[in-house]
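**Q** Here is what each chain is made of, one letter per residue.
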Amino acid sequence: MEEREEILRMENVGKTFDGSVVALEGMSLVVRSGDFISLLGPSGCGKSTALRLISDLIHPTSGRITWSGSHDVGDLGVVFQEATLMPWATVAENVFLPFRLRGKRFGDVADEVQDALDMVGLGSFASAYPRELSGGMKMRVSIARAMVTRPRLILMDEPFAALDEITRFKLNNDLLRLRDRIGCTVIFVTHSVFESVFLSDRIVVMAARPGRVVRELNVEEPYPRAEDFRTSSEYAGYTREASGALHEAMGEVA
Amino acid sequence: MSFALPAEMPDTGKVDADELKRRQRARFERVGKWLLPILMLALTLYAWDRIVVLNDIPHYILPGPGLVWETLIKDWGTLSGSLLVTVQITLMALAVAVIGGVGLAILFTQSRIVEMSFFPYAVILQVTPVVAIAPLIFIYVENRMVGLLLCAWIVAFFPVLSNTTLGLNSADHNLRDLFRIYGATRWQRLRHLQLPSALPYFLGGLRIAGGLALIGAVVAEFVAGTGGRASGLAFRIQEAGYQLNIPRMFAGLVLIAATGVVIYAALSFLSYMLLRKWHESALKREG
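Going line by line, the protein sequences match chains W and S. Read in order, the letters of the first sequence correspond to residues 1 to 254 in this note's numbering. Read in order, the letters of the second sequence correspond to residues 1001 to 1287 in this note's numbering.
These aren't lab readings, by the way, just hints derived from the structure by calculation. It is possible that some hints are incorrect.
16 Å max Cα-Cα, derived EDC-like pairs, lysine to aspartate or glutamate [what the hints assert, rightly or not]: (1) S:LYS1277 - W:GLU93; (2) W:LYS170 - W:GLU93; (3) S:LYS1277 - W:GLU132.
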């Protein structure tokens, strides 16, 4: 397998709040181009803290995070647990936001915006307002916004946790199709073992109190992955392995 | 009770009792919203008229509604000029309140130092009754018009300031993070995140300020007193009081009340037009 380009490196990163609450301890992670990494763990394991550290919203107490090559704000796309759309703006204006904040004019990137909407299956909703959309559709807009600039890395913080299971499965499939199509690199935070196995090629299992990485395991199933991967014996094997690691990690505190 | 179904709701034969009740209620809401207040007004006017006529109350104590209406028409020449003056002061004060309130609110959110330094004084200005400040203002401010404007502004600007400040600070925190991640400048954050978030709050404050500007303008004129041709409705009421011209006092009162209602309605409409596409307050509930 060829060595893929390194994007980001976390070295022994720790974050302590209020001088005493250890949210994350000694996390190391190398992200390479094309990776789909899941951070899997219970509440309070520091997975969201890790994302906030990577997106530079907070700064590490110890260790360091380095981007390879030149790094600017356009390198990152973000999807939160809520769709986080601007209610006063149309779907197209919402997706246009990352461009707008980089000083682009709508006319110059209209094709990219439309293309991103087409890719998430909302091509005909460009002029709709967020309130007119269902929860799943709003999340699609949010995903379109995160990838419209083709960032080097997309961070997703439990994006489908608030959706019903049927919608979630559908969005899981669509997300993988998108990944195959534009070859994006993703760090995906989730507390669902099934979701992490189905989506990612690397699962970082984390534990709480203090938040830390306990295990990293690879899912060797090649992309593109079809729906029937969910029912295969390999899939069952991986979920067993990931659940085992998770229980082991939680057992220490339970 | 029977009624025709609206065109967009074809009778599929599956309208159950609940649905019928719901439609009936909706229809009652629609009609009652207008009909009941009008009915109430008519009843009040009728009762007022009867009381005056049956008890032979002299018009210099309580004029009937008919006489008030006649006076309104007869004195329209004087009253309309005064109405114009009052409306002018009110609208100018409202405009200055919006500029000052929004400007100060933006300044507050841009700099904590400014906010911490000035906010207490904005509150003091607000809680001090304008009647108490007005006499001083008219001592120090030569121009009567400017004095009136200043009084009306003091009363009107605070709701704009406090609501807009609240609105600017209540942008969704995830959106805030998103703007930071995308490296938004201070100006971009203000223009594309904070100002739109503040709009519903601002419009709420504006509706209150509209009424207060009118109150401020009227109260200030009562204090300012001195007449002349450029006098507003408050002075006309005062003047009519000295002349025991009670019908004219009522006519002036009616005009002030009507002005207040029109201002409120206009601002409500503005608010609806600006928010109807996206904000909860302007959306009709479905189902």
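**Q** Each hint needs a verdict: does it hold in this structure or not?
**A** Hints versus structure:
1. S:LYS1277 - W:GLU93: Holds, at about 14 Å.
2. W:LYS170 - W:GLU93: violated, 25 Å
3. S:LYS1277 - W:GLU132: The hint holds at about 10 Å.
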